[in-house]
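K.L.:
Position 21 of the sequence shown, counting from 1, maps to 21 under the working numbering, and the rest follow consecutively.
Simulated from the structure, these hints should not be mistaken for laboratory data.
As the structure is a prediction and not an experimental result, all values here were calculated from the model.
Watch out, some of these pointers could steer you wrong.
[What the hints assert, rightly or not] Taking lysine-lysine pairs in the DSSO-like style, the calculated list, with each CA pair at most 30 Å apart, reads: (1) Lys100 with Lys87; (2) Lys123 with Lys87; (3) Lys123 with Lys100; (4) Lys100 with Lys88.
[Unchecked claim] Simulated restraints on C-beta separations: (5) Arg138 with Ile58: 37 to 43 Å; (6) Gln82 with His60: 33 to 39 Å; (7) Ile58 with Phe96: 35 to 41 Å; (8) Leu114 with Val73: 35 to 41 Å.
Heads up, the beta-carbon is just placed ideally off N, CA and C, and yes, glycines get one too.
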Amino acid sequence: MAAAVIDNYNQQHHHNQHHHHHHQQPLCDNDSSNVSLLPAAGARRLIGDALHQRVAAIDHEVCEPGDEDTFYVADLGHVYRQHLRWKKNLPRVKPFYAVKCNPDPQVLRLLAGLGTGFDCASKTEIEQVLAMGISPDRVIYAQP
């Protein structure tokens, strides 16, 4: 699986932001590796910075074209916000995430913590989800 540069999302900070609108929160603390909730522009900037750092770390002197490790950048805060949007607009519909869309463990852990179900299309996907401790009653097998 490709390496990931993940922007972790702090749900408690999100809760505090919505109940204390008059307090301006910093984009991050002094340790840039410990990022909490970021406004969208700040999150995009940090994700962009992480992407540029990853690309800059490639040693072009010894790296042949195609030898670079694959990686992707993800904003888990966006996943969380989409989940909130789902719950607000479709409160009686339980979401089942298609694992084949992005089987990254960080994404799956976040969704599991939010109570999402999982739509698995293979034995491997079922095994991956169950190995994370997710109850089988939250898993559907929708593909032959």
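K.L.:
Take a quick look at whether Lys100 and Lys88 sit within 30 Å of each other, Cα to Cα.
P.N.:
Given that 30 Å is the threshold and the Cα spacing comes to 25 Å, the pair holds.
K.L.:
Measure nothing beyond the straight line between the CA atoms of Lys123 and Lys100; if it is 30 Å or shorter, mark the hint as holding.
P.N.:
Roughly 12 Å separates the two Cα atoms, so the pair holds.
K.L.:
Does the hinted range 35 to 41 Å hold for Ile58 and Phe96 at CB?
P.N.:
holds (38 Å)
K.L.:
Between Gln82 and His60, does the C-beta distance stay in 33 to 39 Å?
P.N.:
holds (37 Å)
K.L.:
Just tell me: holds or violated, for the beta carbon distance of Leu114 and Val73 against 35 to 41 Å?
P.N.:
violated (21 Å)
K.L.:
If I claimed the Cβ atoms of Arg138 and Ile58 lie 37 to 43 Å apart, would that claim hold in this structure?
P.N.:
holds (39 Å)
K.L.:
For the pair we were handed, Lys123 and Lys87, check the Cα-Cα distance against 30 Å.
P.N.:
Roughly 29 Å between the alpha carbons, so the hint for Lys123 and Lys87 holds.
K.L.:
Assess, step by step, whether the Cα of Lys100 is no farther than 30 Å from the Cα of Lys87, and give holds or violated.
P.N.:
OK: Lys100 and Lys87 at ~22 Å, within 30 Å.
Violation of the numbered hints given earlier is confined to hint 8; every other hint is satisfied by the structure.
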